Amino acid sequence: MKPPCAIKINGLIKYYPISKRRWGFFFSSVSQNRPAVDNISLEVEQGQFFGLLGQNGAGKTTLIKMLSTLIIPTSGKAEVNGYGLENEIAIKKSIGIVSGDERSFFWRLTGRQNLEFFAGLHNIKPKHISPRVEYLLELIGLRESGDEIFRSYSTGMKQQLSIARALLHEPCILFLDEPTKGLDPMALKTVHNLLRVQLGQQKKITIFMTTHRLDEAEKLCDRIAIMHQGRILADGTMTNLREALGLTGRYQVTAADVNRDISGDIERYFSGSKMVFFDNDSNMVKFEIKSDGKNLGTAIDLIRSCGGAIMDIRHTAVSLESIYEAIIHSRKQP
Amino acid sequence: MKTNEHSWWNQLSGSSLWLISRSFIKKDFLEDTSYRLAFAIDLVGTFLEIALFYFIAVLIGKSTDNYFILENYSYFSFLLVGIAFTKFTNNGMRSFSHKIQDYQITGTLEAMLSTPTPIYKILFSSVLWQHLYMIFITIMYFLIGFTFFGLTLNNANWLTACCILFLTITSFGSLGIMAASFIMFYKRGDPVLWLFGIISSVLGGVYFPVKILPEWLQSISNYLPITYVLKAMRKALFQRATLAEIAPQIIALLLFSFVLMPLSLMFFNRSVRNAKKAGTLTHF
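Here the protein sequences come in this chain order: A and B. Per this note's numbering: the first sequence = residues 219 to 552. Per this note's numbering: the second sequence = residues 516 to 799.
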């Protein structure tokens with residue numbers, strides 16, 4: 219019976235020893251002042267597409283490597299598919315890992331030969347290797363390129379092959395460490411579709427993805443955590459995050475025949491609102507009003523009282539970028 | 516015909532070490548054969564090396580009679596065994612650390628460690644092809660010596676020779692694993708191997724008999740596994756020695772293997788664990 223949580227992290231901490239040169243020649247190791255991963259606790263449910271968002275150096279890769287047993291934590295516990303981190307072999311049988319490192323293949327072998335080699339390391343019987351490799355090459359759209367030397371592959375093809383390798387042994391959890399790094403828009407679309415639709419929705423694989431691309435996280439993930447300097451600052455669905463920060467929505471109100479002076483009144487009355495467009499010829503004004511909808515009517519009355527005519531009202535959800543900026547900004551404030 | 520699922524072949528072929536070894540041998544064979552010129556250069560180099568030592572042996576041959584007349588082989592035969600097996604042992608030792616370093620540099624180590632295959636199986640399997648290739652090259656040494664330079668192998672005991680070869684692999688493999696431990700954590704191990712190789716070449720009886728060294732240097736030779744390998748192999752190939760007749764050398768090599776192998780595996784496990792703690796497993 220599968221555990222309810224695919225991944226369970228409890229108080230994971232990681233300090234790295236940092237080597238410093240002394241007297242121009244010799245190295246001496248000192249412990250890092252700030253942990254790379256600082257007391258992280260979270261749970262990821264079965265079948266969930268979980269995104270870990272953070273800047274470079276936030277500790278995302280360290281966290282993934284600890285969960286995949288490539289790095290030993292300084293303290294704390296975690297379970298992956300019900301197995302503690304000390305059960306290295308059992309965890310590795312349950313997970314597939316996709317890193318953004320395109321060097322991780324043998325460049326003088328073909329894509330097919332690379333997959334066949336790694337299939338052997340996953341203890342797949344020889345008679346099952348060939349059909350499995352063919353299926354995966356078909357899945358990722360590289361069937362025709364399977365016999366080309368790996369070094370001739372484009373960046374997108376290399377990433378796709380990396381995903382295929384992670385799926386060789388049919389894992390129930392996929393760890394993706396910035397899987398779309400360096401991809402062009404077409405390749406990005408292909409990979410997104412593969413991850414979200416084929417793996418996430420159809421095969422119900424639990425996906426744990428790290429990225430610093432806000433648009434990607436917003437598009438793909440059921441749930442997002444924001445990591446900064448080793449800590450999780452926020453964790454939840456987009457709706458949860460918006461509500462927690464009070465960033466419920468913005469209205470874009472387009473009005474005509476409006477006196478420009480009204481912008482000051484709008485900005486004073488609705489904190490965070492602003493005028494985004496003004497056309498002198500037609501006296502057209504576009505306001506972005508931060509509102510939960512209740513006082514939108516007040517804003518409309520104010521515009522009409524100044525002689526303006528409402529041309530259009532649109533609601534825009536707060537973007538992940540705004541949420542991310544708000545969280546990081548609040549973290550930096552004393 | 517129904518196959519017996521419990522037959523030794525089915526058990527061996529189904530075991531993970533067999534599958535992993537097969538994958539590595541196939542991968543390394545495909546990679547090496549993609550460097551077509553390297554193989555030809557290896558063979559030509561081997562031929563030229565043997566020719567060089569043959570003519571050196573011809574030049575100084577008469578003056579060496581005192582040392583070899585009782586052994587029933589020539590100085591050239593003595594030399595050929597020395598250079599062939601020194602190359603075999605040095606390459607064998609270096610193969611472990613070179614492979615680990617190569618995988619770290621190419622980024623493939625992390626990908627392999629992400630599979631359920633334990634690192635020690637990766638380590639052993641990754642040097643199999645190299646060892647098979649070195650056995651082939653060693654055979655070529657004797658084939659070339661026999662075909663072109665008058666080497667005689669009429670008195671060879673091939674069974675004894677094979678046993679010595681096996682013990683050579685296990686004892687030098689242990690040293691190779693220790694070097695790989697250094698690479699895993701300190702990222703450099705070649706200077707250690709280089710020094711060991713030089714000392715072995717000078718004191719191990721590769722180019723001249725150990726007995727011509729001063730006594731205090733001979734005592735150092737007794738601590739080098741190459742000394743026993745060469746002595747035993749020369750007896751096996753040129754004096755038809757049985758295992759009983761080279762028992763002292765066999766015992767020494769067994770001791771090297773049984774003492775060094777578990778120690779080296781322990782060091783390796785410890786270095787892997789330390790590298791995982793430091794987060795430097797895949798750094799180079």
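Any given hint might turn out to be false.
[As the list claims (entries may be wrong)] Within a straight-line C-alpha distance of at most 16 Å, the following computed EDC-like cross-link-like pairs (lysine to aspartate or glutamate) qualify: (1) B/K792 to A/E306; (2) B/K791 to A/E543; (3) B/K792 to A/E304; (4) B/K791 to B/E586.
Hints in this document: simulated from the structure, not taken from any laboratory. All figures in this text were calculated on a predicted structure; none of them were measured in a lab.
When the structure is checked against the list of hints, which entries are broken? Sort them ascending. 2 and 4
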